[in-house]
Amino acid sequence: MAPVGRTLLIVALLIGVYGIVASLHGARSASREWVDSGRRAIYALAGVTTVAWVILEAAFLRNDFSFNVVAAHSSTTTPTFYKLAAPWSSQEGSLLLWVWLMSLWSSLILFLTRRRVREIAPYATAILCAFGVFFTSLAAFFANPFGTTSHPPAEGAGLDPLLLHPSMMIHPPMLYSGYTLLAVPFAFAAGALITGRLRSEWISVSRRFALAAWLFLGVGIVLGARWSYTELGWGGYWAWDPVENAALMPWLCTTAFIHSIMIQEKRGMLKVWNVSLVLASGTLAILGTFLVRSGILDSIHAFGASTLGVPFVGLLAVMIIGSIGLVVSRRDRLRSEARLDSLLSREAVFLLQNLVLVAMVFVIFWITFFPLISQAITGTKVSVGPPAFRPFIVPLALVLVALAGIGPIIAWRRVTAVNLRRNFLAPVGVGIVTAVVLAVRGEAGKPFALAMFALGAFVLATVAQELWRGVGARRAMTREAAPVALLRLIRRNRRRYGGYIVHAGIAVLLIGVAASSSFQHSRDVILSPGGSVNLAGYRITYVRPTAAATAAKLSFGAVLDVTRGGRHVATLRTSRGFYPSQDPSLGVIGRFFNGEADSDVGLKAGLTRDIWTVVNPDLGPLAPYISRGDRVFAQELPPAMQRLRGLSPRQAQAALAPLWALRDRAIVDIAQRFVSHPWPVDFLLIVDPLVVWIWIGAIIVAAGGLIALWPVPTLARRRERVTARRRSPVPGATPAPGATPSPAPSPSATAASAVREPV
Amino acid sequence: MPSAEARPAVGRRSGHGYRRPGKGHVGKSGRVDPSRKRAIRLTVALTAALILASALVYVSFSAGRDEVTAGQLLRIARPGSSYILAGTVLDGSVRHDGTALLFRVRDPKLKVSVPVRYTGVVPDPFRAGRGVLVTVHEAAAPGAAFIGEANSLTTKCPSKYQAAAASY
Numbered sequence: 001m002a003p004v005g006r007t008l009l010i011v012a013l014l015i016g017v018y019g020i021v022a023s024l025h026g027a028r029s030a031s032r033e034w035v036d037s038g039r040r041a042i043y044a045l046a047g048v049t050t051v052a053w054v055i056l057e058a059a060f061l062r063n064d065f066s067f068n069v070v071a072a073h074s075s076t077t078t079p080t081f082y083k084l085a086a087p088w089s090s091q092e093g094s095l096l097l098w099v100w101l102m103s104l105w106s107s108l109i110l111f112l113t114r115r116r117v118r119e120i121a122p123y124a125t126a127i128l129c130a131f132g133v134f135f136t137s138l139a140a141f142f143a144n145p146f147g148t149t150s151h152p153p154a155e156g157a158g159l160d161p162l163l164l165h166p167s168m169m170i171h172p173p174m175l176y177s178g179y180t181l182l183a184v185p186f187a188f189a190a191g192a193l194i195t196g197r198l199r200s201e202w203i204s205v206s207r208r209f210a211l212a213a214w215l216f217l218g219v220g221i222v223l224g225a226r227w228s229y230t231e232l233g234w235g236g237y238w239a240w241d242p243v244e245n246a247a248l249m250p251w252l253c254t255t256a257f258i259h260s261i262m263i264q265e266k267r268g269m270l271k272v273w274n275v276s277l278v279l280a281s282g283t284l285a286i287l288g289t290f291l292v293r294s295g296i297l298d299s300i301h302a303f304g305a306s307t308l309g310v311p312f313v314g315l316l317a318v319m320i321i322g323s324i325g326l327v328v329s330r331r332d333r334l335r336s337e338a339r340l341d342s343l344l345s346r347e348a349v350f351l352l353q354n355l356v357l358v359a360m361v362f363v364i365f366w367i368t369f370f371p372l373i374s375q376a377i378t379g380t381k382v383s384v385g386p387p388a389f390r391p392f393i394v395p396l397a398l399v400l401v402a403l404a405g406i407g408p409i410i411a412w413r414r415v416t417a418v419n420l421r422r423n424f425l426a427p428v429g430v431g432i433v434t435a436v437v438l439a440v441r442g443e444a445g446k447p448f449a450l451a452m453f454a455l456g457a458f459v460l461a462t463v464a465q466e467l468w469r470g471v472g473a474r475r476a477m478t479r480e481a482a483p484v485a486l487l488r489l490i491r492r493n494r495r496r497y498g499g500y501i502v503h504a505g506i507a508v509l510l511i512g513v514a515a516s517s518s519f520q521h522s523r524d525v526i527l528s529p530g531g532s533v534n535l536a537g538y539r540i541t542y543v544r545p546t547a548a549a550t551a552a553k554l555s556f557g558a559v560l561d562v563t564r565g566g567r568h569v570a571t572l573r574t575s576r577g578f579y580p581s582q583d584p585s586l587g588v589i590g591r592f593f594n595g596e597a598d599s600d601v602g603l604k605a606g607l608t609r610d611i612w613t614v615v616n617p618d619l620g621p622l623a624p625y626i627s628r629g630d631r632v633f634a635q636e637l638p639p640a641m642q643r644l645r646g647l648s649p650r651q652a653q654a655a656l657a658p659l660w661a662l663r664d665r666a667i668v669d670i671a672q673r674f675v676s677h678p679w680p681v682d683f684l685l686i687v688d689p690l691v692v693w694i695w696i697g698a699i700i701v702a703a704g705g706l707i708a709l710w711p712v713p714t715l716a717r718r719r720e721r722v723t724a725r726r727r728s729p730v731p732g733a734t735p736a737p738g739a740t741p742s743p744a745p746s747p748s749a750t751a752a753s754a755v756r757e758p759v
Numbered sequence: 001m002p003s004a005e006a007r008p009a010v011g012r013r014s015g016h017g018y019r020r021p022g023k024g025h026v027g028k029s030g031r032v033d034p035s036r037k038r039a040i041r042l043t044v045a046l047t048a049a050l051i052l053a054s055a056l057v058y059v060s061f062s063a064g065r066d067e068v069t070a071g072q073l074l075r076i077a078r079p080g081s082s083y084i085l086a087g088t089v090l091d092g093s094v095r096h097d098g099t100a101l102l103f104r105v106r107d108p109k110l111k112v113s114v115p116v117r118y119t120g121v122v123p124d125p126f127r128a129g130r131g132v133l134v135t136v137h138e139a140a141a142p143g144a145a146f147i148g149e150a151n152s153l154t155t156k157c158p159s160k161y162q163a164a165a166a167s168y
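Just so you know, the protein sequences line up as chains R and B, in that order. Counting from 1, position 76 in the first sequence corresponds to residue 76 in the numbering used here; the numbering is continuous, with no gaps. Counting from 1, position 34 in the second sequence corresponds to residue 34 in the numbering used here; the numbering is continuous, with no gaps.
A portion of the hints provided could be inaccurate.
[Said to hold, decoys possible] On the chain B side, residues computed to face chain R include the following (Cβ under 10 Å):
{"no.": "1", "residue": "K37"}
{"no.": "2", "residue": "R41"}
{"no.": "3", "residue": "L56"}
{"no.": "4", "residue": "V57"}
{"no.": "5", "residue": "S60"}
{"no.": "6", "residue": "V68"}
{"no.": "7", "residue": "G80"}
{"no.": "8", "residue": "T135"}
{"no.": "9", "residue": "A145"}
{"no.": "10", "residue": "I147"}
Hints were generated in silico from the structure; no laboratory data involved. Don't be surprised by glycine CBs; every beta carbon is placed ideally from N, CA and C.
For reference, chain R alone in the conformation it holds in the complex:
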């Protein structure tokens, strides 16, 4: 099947090239047939890459070690669940995944827009095909997932133990989905710039894909954070690792875009911002893909240095230069249709939000790439650690949270005293009360954390206020029960209320981040069995050691008891596993104790705090026994191997069975010494407040995003288009000088209208 796979890659490449040519020819000659043919090329690309993907997965599932990538990343003992995930643990498989996902999303949007945006679609198709050609070329010529060997090994190398985690199944596909979805609005924005069709039509077709990209990328980032939190040495849930930053940057940029487009839709403003943001998001997605593969920056995530860096740099250069050129050349057509009437307006808040988010992206980009920047300037690679982010990101995050609360309730065009009083009094009051209460409780020592708690409370209060008013208005009309009114209110305007729910989730998430990063207690301590240590009011006692030996790994661990005020709180179990190495120099016994390791953390999560622990057992005391076992087998094994001459493989296996049984017995006996003759071991203990609210906040954000993304029923969509047409600004119309524009009604005042028709 490998030759079939290789052929499919070449076919996909040719289809992609054809798609570019057909689409561009169709656009230039105004030929619908050629344009449709270009679109069908994307469908064909999706079909071909789907078959290629199935071939690769099937090779993993049937342990076909003639495939190099299967031999390097899987084994007969790898659980089936992880065999399915193993393809994207490799450079080769992940490239194919990128093409496959991108072709699927591209097919979807081109199908949905087959009768719309007829001028823009051919150029967007050509750009999407170009992405497909690029990644297929990399897979076909640089990192081929269908490369084979004529002498397949009897057993594969297996998956890295660190990747044997359930998150491996979902975290990478979510991130890749986010990255690939960003190609869609990028392509349509570029197509709009090329054709000069810069009214809202390109936004209306690509907005959902941008939102979907934002959602997938966000979920992927949080899943990675959760995974990192439960692994030792990955820096907790966030370590400002370059690969983590590479996913965060496009997510922040897309966040700015999905907010900013509302201003263009409502008032025809921020057009330059919107095209720039979406082009930047797409470029940053490619940059993130490049970072992981090139090895140019030191990261715990990187695949390692490869030759793929140069093609990616070329692609990035084309995207950046092309984007800048297009925006500059079309700047006349990107003029705003209205002016900013007041700094105290929703438009101004959204503009400020854009500035803050772009500033965050710039800070993250600069610090992440600083080793390369400094090397280019001074000749020396200079690294700036994670603490450098804090002075910039924390204040910017505080401003962002404040804007998340202000934005939904401030009036369009110009705020009035009545609007201020009506919409801000209660939420600001809640924020101030929260700050005062926490300050009185003694949290004033951490002013940034205190500010985040107060602003988070402010945001939650604004969301609650809007929901309360909306439900109240609806109930006044329909006499529905409150839960029913709430559900129908959300259903009627998914975009607005989904956005409110997202804001609430972000507030909760950042409250968790502020608490856990500001009030964490940790200790690195050596304990003997029975020994105890105090941490953050808890007494943690090392009860007993544990040891286990299976065919897959050896585990050395501990059971700890956690009490508070004499009352039992939790029992924690932590261990460190050692996987056997294939290095023969380590000895028959030694290779079972000196292979790859992974830690199972002991975690007791709770609504108010997490108690986290990991053990780091020093196996030095076992070294004499391991060495003795290696010496014994070094004497016994060669004559035993001599006696196998002339025997069939089955007979040889039966002949060696007693020796392997002896080996296994020795390993178990040595491992059990960790329990029978325990020695002091090293524990890392952490008490972290409110961590669980990070995950709860993320779930709320995801739910809000799904609600906002959910398709609106057809009848409501038709009504929405009629309403939008009635409300869209007349091009070129600006208020006369000196005239005071009447402020638009506040969002909550339109809640009642939301009962009758969606906004």
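Dock chain B against chain R, hints included.
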């Protein structure tokens, strides 16, 4: 930085109460000339961006640490300075001393290695032969191992895993 309004309004008009620039921009109605407003906003935004960029550059160069190999560290190490040591863990050099981890980091190109005494989180992938980054500074005692700063050890994730349950 793109601005909210692409085309500034003309500020000079006769008969509409606008004064020439430089003599105030307040019209008869008491409102500031919109083009002047936009100029002020743009100036404020650019100033803020400049301050942010300057702060970023300053923090980067002042708080940054040189990334060095073992050979470079032995040449340039100065007391009071810390460096990010990059290299490979020397085979057979790893041992524990209480909570401290002792190992040597070798230069990938030269036959030289430096001893490191490290306390803190040891990542799971850490072992002899692996690429690592650790922030170190010179020990007080001459000739003693470099001191690895707590929780600064990073191990590169290997691209291939070479272990299996196969027997001989």
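**Request:** Would you list, in rising numerical order, the hints stated earlier that this structure does not obey?
**Result:** 7, 9 and 10
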